[in-house]
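Going down the list, the sequences are from chains V and Z. Every letter in the first sequence is one number past the one before it in the UniProt record's numbering, and letter 85, counting from 1, is 85. Every letter in the second sequence is one number past the one before it in the UniProt record's numbering, and letter 110, counting from 1, is 110.
Hints may contain errors.
Partial pick of chain V residues on the chain Z-facing surface, computed with a CB cut under 7 Å [as the list claims (entries may be wrong)]: (1) L76; (2) P77; (3) L148; (4) L191.
Everything labelled a hint here was simulated from the structure, so no lab data went into it. Note that CB positions come from ideal geometry on N, CA and C, so glycine has one too.
Chain residues, written in single-letter form:
2 protein chains.
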Amino acid sequence: MADQDRKGPGRPRSARVDEAIVEAVYDLLSAGQSADAISIEAIAAKAGVGKATVYRRWPNKEALFIDAVTMMKGSLPEPRGESVRDDLVMLLQAMKNKRMEQYGRVTACLLPELVKSAEMHRVYQAAIEPRRNVMRQVLQRGIESGELRADLDVELTLLMLSGPNIAQNMLKWNPNVPSEGFAEKLVDAVLRGIAA
Amino acid sequence: MADQDRKGPGRPRSARVDEAIVEAVYDLLSAGQSADAISIEAIAAKAGVGKATVYRRWPNKEALFIDAVTMMKGSLPEPRGESVRDDLVMLLQAMKNKRMEQYGRVTACLLPELVKSAEMHRVYQAAIEPRRNVMRQVLQRGIESGELRADLDVELTLLMLSGPNIAQNMLKWNPNVPSEGFAEKLVDAVLRGIAA
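I would like the entire structure built from these sequences, with the hints used as guidance.
Next up, the structure:
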C-alpha cells in the first residue's frame with residue numbers, strides 16, 4: 001500500500017475506503033471491544049461499506065489487523081542530529097501524538113490478541129522495530145559524540161525511555177505523574193540518573 | 001478475606017474453593033480470553049464447582065474480578081533498609097515472581113476491561129498502590145540518607161523503575177533485553193544515568 005496515496009483531499013476513492021475500514025477497527029477497539037469480539041460485519045457496518053468490500057481488500061480479519069497496527073504506528077520525524085537530549089525528547093513527544101490516547105487504548109485492546117497469537121506478536125514487533133531503530137541510532141550517535149556513556153547498554157536504554165511511556169499511555173500507571181512536560185522530564189531524569 | 005487462611009494444607013475447604021475459582025479466572029484470562037467473553041458458567045466449570053457456588057461467594061463477575069486482581073498483586077517483601085540499590089533490586093525481582101509471566105498475561109487480558117470501566121481502573125489502582133507505596137518509601141529513605149538526589153522526582157522515578165518492567169512483562173517490548181539480571185541492570189542504569 002502506497003501511503004502517499006492516502007493523504008490530501010485528492011486521494012483516490014479506494015484509499016479513502018481503506019482508511020474508513022481501518023478507522024472502524026480503531027473505533028471499535030477504542031470502545032473497549034476485544035479483537036476477538038469484533039466481526040468483519042461490525043467493521044463493515046461502522047465503516048459504512050459492505051462486507052464484500054472489506055473482503056476484497058483483506059482476506060481475513062487477521063490481515064486487516066496487521067495493516068491496522070502497522071498504519072497506527074506510522075513513521076517518526078527525522079531526528080535533527082544536533083543534541084541527543086533534544087532528539088530523544090522529540091521522539092518521545094512524537095510517540096505521544098494527538099491520537100496517542102486513542103492508540104494507546106487500541107494497543108491495550110490488541111494485547112489479548114498478542115498473547116494468543118505468535119503471529120500477532122511478530123506483527124507488533126515488525127511495526128515497532130523501525131521506530132525503535134530511529135531511537136537506537138540517536139543513542140549510537142550520542143555514544144560516538146561523547147554525549148552518552150561509552151559503555152551504554154543501548155537496548156536497555158530503549159526500554160528505559162519507552163517503558164514509562166507505554167505504562168502511562170496504556171494504563172495511566174501512575175496518576176501522580178503529570179503528562180505536561182513528561183517527555184522532557186523523563187529524558188532528563190534518564191540522562192542524569194537518580195543517584196546523588 | 002483473611003489471606004492467612006489460604007495457605008498450607010490445613011486451610012478450610014471454603015478457602016480452597018475460593019482459590020480454585022480465582023485460579024479459574026487466571027487460567028481463562030491467561031489463555032487469551034477477554035474478561036468480557038468469560039462467563040460465570042465457564043469459570044465454575046473450570047473450577048469444578050457449580051454456578052451457585054460462585055454466586056454464593058461473589059454477587060457478580062466484576063466483584064470476582066476485583067478480588068482476582070487484588071489477590072494477583074499480593075504483597076511485597078519488606079525492604080531491608082540497608083541499601084536503596086539493593087532494596088529496589090529486591091522489589092523489582094519480587095514483582096517478577098515465578099507466576100509473573102502468567103500474571104503479566106492476565107494483566108494484558110484485563111486491559112480492555114480497564115479501558116471500558118472506570119471502576120476497574122480504580123480497582124487496578126487500588127491493587128497496585130500499596131506496592132507502589134513500598135517503593136515510594138524506599139526512594140524517600142534514599143533521599144534522606146543521601147543515597148539519592150535531594151531534588152528527586154519520586155513519582156517519576158516510580159514510573160522509571162516500573163514502566164520498563166511492565167513493558168517487558170506484558171509485551172516483551174524489546175526482545176533484545178535479556179531477562180537474566182534485568183532488575184540489577186535496570187536499577188543500576190536508573191541510578192547512574194546514561195549521560196557521559
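Legend entry - Hints not upheld, ascending by number: 1, 2
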